[in-house]
Amino acid sequence: MATAKVETGAAGHGAEPRGKRSDDGQATYLVAIAEALWEEMERDERVYMLGEDIGAYGGAFKVTEGFIEHFGDQRVIDTPIAEETIVGMAVGSAMEGFRPVAEFQYADFMSSGFDEITTVLSRYHYRSGVPLPVVLRGPSGGGVRGSSFHSINPEPWFAHAGGIKVVCPAFPSDAKGLLKSAIRDDNPVMYLEHKWIYRRIKEQVSEDPDFLVPIGKAAVRREGSDVSIITYGAMVHKALEAATSLEAKGISVEIVDLRTVYPMDEETVLSSVAKTSRALVLSESYRVLGIGAEVAAVIAEKAFEHLDAPVERLSPPNLPVPFSPTLEDAFLPGVDDIEAAVERLSTW
Amino acid sequence: MATKVHRDTGSTDLSLPDDQLKEILYLLKLARYFDERMEALYRQGRLPGAIYSGRGQEGTHVGVTFALDEGDSLFPTHRDLTAQLTKGLDLKRVMAQFWGRIDGYTRGRDGNSHIGDWQGNKTFTVMSHLPIAYPVAIGAAWAYQRRDDGHVAMAICGDGSTSNGRWHEALNWSAIFRLPVVWVVNNNQFAYSTPNTREFAVPTIAERADAYGMPGVRVDGADVLEVHRAAKEAVDRAREGGGPTLIESVSLRWRGHAGHDPAKYVPKEMLDNYVADKDPVKNFQQLLLDRKVVDDGDIEELNGRIEREFDEGYEYALASPFPEPGDAFKGNWVEDGYWTSEPGRDGGTEAG
Numbered sequence: 366m367a368t369a370k371v372e373t374g375a376a377g378h379g380a381e382p383r384g385k386r387s388d389d390g391q392a393t394y395l396v397a398i399a400e401a402l403w404e405e406m407e408r409d410e411r412v413y414m415l416g417e418d419i420g421a422y423g424g425a426f427k428v429t430e431g432f433i434e435h436f437g438d439q440r441v442i443d444t445p446i447a448e449e450t451i452v453g454m455a456v457g458s459a460m461e462g463f464r465p466v467a468e469f470q471y472a473d474f475m476s477s478g479f480d481e482i483t484t485v486l487s488r489y490h491y492r493s494g495v496p497l498p499v500v501l502r503g504p505s506g507g508g509v510r511g512s513s514f515h516s517i518n519p520e521p522w523f524a525h526a527g528g529i530k531v532v533c534p535a536f537p538s539d540a541k542g543l544l545k546s547a548i549r550d551d552n553p554v555m556y557l558e559h560k561w562i563y564r565r566i567k568e569q570v571s572e573d574p575d576f577l578v579p580i581g582k583a584a585v586r587r588e589g590s591d592v593s594i595i596t597y598g599a600m601v602h603k604a605l606e607a608a609t610s611l612e613a614k615g616i617s618v619e620i621v622d623l624r625t626v627y628p629m630d631e632e633t634v635l636s637s638v639a640k641t642s643r644a645l646v647l648s649e650s651y652r653v654l655g656i657g658a659e660v661a662a663v664i665a666e667k668a669f670e671h672l673d674a675p676v677e678r679l680s681p682p683n684l685p686v687p688f689s690p691t692l693e694d695a696f697l698p699g700v701d702d703i704e705a706a707v708e709r710l711s712t713w
Numbered sequence: 188m189a190t191k192v193h194r195d196t197g198s199t200d201l202s203l204p205d206d207q208l209k210e211i212l213y214l215l216k217l218a219r220y221f222d223e224r225m226e227a228l229y230r231q232g233r234l235p236g237a238i239y240s241g242r243g244q245e246g247t248h249v250g251v252t253f254a255l256d257e258g259d260s261l262f263p264t265h266r267d268l269t270a271q272l273t274k275g276l277d278l279k280r281v282m283a284q285f286w287g288r289i290d291g292y293t294r295g296r297d298g299n300s301h302i303g304d305w306q307g308n309k310t311f312t313v314m315s316h317l318p319i320a321y322p323v324a325i326g327a328a329w330a331y332q333r334r335d336d337g338h339v340a341m342a343i344c345g346d347g348s349t350s351n352g353r354w355h356e357a358l359n360w361s362a363i364f365r366l367p368v369v370w371v372v373n374n375n376q377f378a379y380s381t382p383n384t385r386e387f388a389v390p391t392i393a394e395r396a397d398a399y400g401m402p403g404v405r406v407d408g409a410d411v412l413e414v415h416r417a418a419k420e421a422v423d424r425a426r427e428g429g430g431p432t433l434i435e436s437v438s439l440r441w442r443g444h445a446g447h448d449p450a451k452y453v454p455k456e457m458l459d460n461y462v463a464d465k466d467p468v469k470n471f472q473q474l475l476l477d478r479k480v481v482d483d484g485d486i487e488e489l490n491g492r493i494e495r496e497f498d499e500g501y502e503y504a505l506a507s508p509f510p511e512p513g514d515a516f517k518g519n520w521v522e523d524g525y526w527t528s529e530p531g532r533d534g535g536t537e538a539g
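These protein sequence lines are chains H and D, in that order. To get my numbering, take the position in the first sequence, counting from 1, and add 365. To get my numbering, take the position in the second sequence, counting from 1, and add 187.
Derived from the structure by calculation, the hints contain no laboratory data. No false leads were slipped in.
Quick list of in silico lysine to any residue cross-link-like pairs, SDA-like style, CA-CA up to 20 Å:
1) K582/H <-> V521/D
2) K209/D <-> E494/D
3) K279/D <-> L489/D
4) K517/D <-> G581/H
5) K517/D <-> V495/H
6) K517/D <-> S487/H
7) K451/D <-> Q376/D
8) K582/H <-> E522/D
9) K517/D <-> H525/H
10) K209/D <-> N490/D
11) K216/D <-> L439/D
12) K582/H <-> N519/D
13) K517/D <-> G527/H
14) K582/H <-> W520/D
15) K216/D <-> D498/D
16) K517/D <-> A526/H
17) K517/D <-> Y491/H
18) K517/D <-> P628/H
19) K216/D <-> D483/D
20) K517/D <-> G494/H
21) K582/H <-> D523/D
22) K216/D <-> L474/D
23) K517/D <-> N552/H
24) K517/D <-> T483/H
25) K385/H <-> S538/H
26) K517/D <-> P496/H
Sample of chain H residues lacking proximity to chain D, with all beta carbon distances greater than 12 Å (derived):
27) R383
28) D388
29) R408
30) G431
31) Q470
32) R587
33) S590
34) E606
35) S636
36) L654
37) A662
38) L672
39) P675
40) T691
For each residue, glycine too, the CB sits at the ideal point set by N, CA and C.
Using the sequences provided together with the hints, build the complete structure.
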């Protein structure tokens, strides 16, 4: 893995072309997502995409650049600005056997389709037995000076709905493999792509057309023995950075990347905690009743006998993400905050 | 754009074949009988949950749905059970649903008219957040257009739903893409207790079609043939690639929003006059008697058949077991196989 050149405009918009793999086969997260979409569109005629400005414009972040030219406007559909109906259309067409992938320009705007997502998409199969193979994609997360309406982490809202799998990849390989799995899944999947990662992180990504990363499985990103950090999304990268400097201080950190936040891979979380006996739960979503709160509860309930220290949570307060660099940097968990929390835990 | 076709003709044109006219009469009478008997059972405390009477609106429900073919889909509301029966749902399984039994269409996961049968009769399992199914109908209609298979989607909502943003999103979207969909508004003049005057400031709902770029038509919901003619025209247009139509079918809700609601907010004189003059079931039966499509003997036979079907349905419902308690935790994810296998039948027929 290497850090790619970063090109971000306001709110992380991708004014630059999407780009492609480097000669040595490395792909950015952005390119990996586009590859997954392209391959699944090629593989299965039933797959189609809909969303705002995804056609001729290629999407706000250029994920779908070049798609409409290749797949045509019947499979790459520019929609009116009507999020409830974007979700409704996805559901109705899935009922008729299609496999829609709906793009939200920002994950923030998923709340504009909230009722169709939480009432129809989440609950319809349980009540009717009709499968809804729908993927909702959206760029989530902060750290790009996007402020209140272009930085949200909506995963707790939709994980709570109960009938939607929610995935939050942190690496290009996972981004590709999880999206391909999501499109092939017969259940609704919300796919949250962190916009801070888009052009910053690149790595070798499989070119196997059947390369899949299973939904519902976490990954251990770094082995360690003193403290477990359980996290996901962009925070995985902050945790990795913190772990490197903590190592110099003699503290060995294990990092669990959840990858799927709902349904959660409790087994991987619990076996890491059994090994280290100390847990820092790190999330970019809200602290109160957030994803981290659930992880902490699972550890308290099922790994109590292994714990040498209280479970610690590190996550932003339930407040809008502020714009000014000083405010946003204070708001989001930073590498320093992670280091301090791990050091606190390791004194127990 | 030809819009605002206001019909107020009164139907005497029996251009449908006799067997279809008789089928319409059967459906109207079945709906009325079902509605009355279920309300009686509810008031006696013998029916759990809720009831949402569609009485007085049978002309709308039968009229619009009778225009659909088997492969067409219907997106109804809780008020539209009659439309679902017209589409082909089995009365026995409908009643099993009311009593929360495993043989109901939702296997006990939902009750009353929150029902649907997508796999069989292509009806959407009703949801309460109206008009929540309007955007979903867009997706079905898009699928028919993309496959060019000639099918049509029809969605029903009430007058209250027209105040909701999704109603506008869906109508607008359907016109932009010229989708094969028919939008039906069952304007029964009250959204729970809220009258039309608190729902829209234009004289009619139908004329809103102008603003979206589609034909709009207002029909008398008490006149099943008038409703059916308008629906047939709209369905044919959609099937032939002519895009969406908005149908406002005007009636009056004779009963409360749900079984518990005495609906005192409906002026008594308004209701009395309506019931006396605009009974869609009585009027249609009289028309068929006058035109000698049926005679008194036929009506007697029909009444007997409907009563028998109801009784059989009731018996079937009460004999059907409750779902096994553990079923509550199954069937959320496709891969657990709950919906593709036969459910357990050991839930008993007595609930606590």
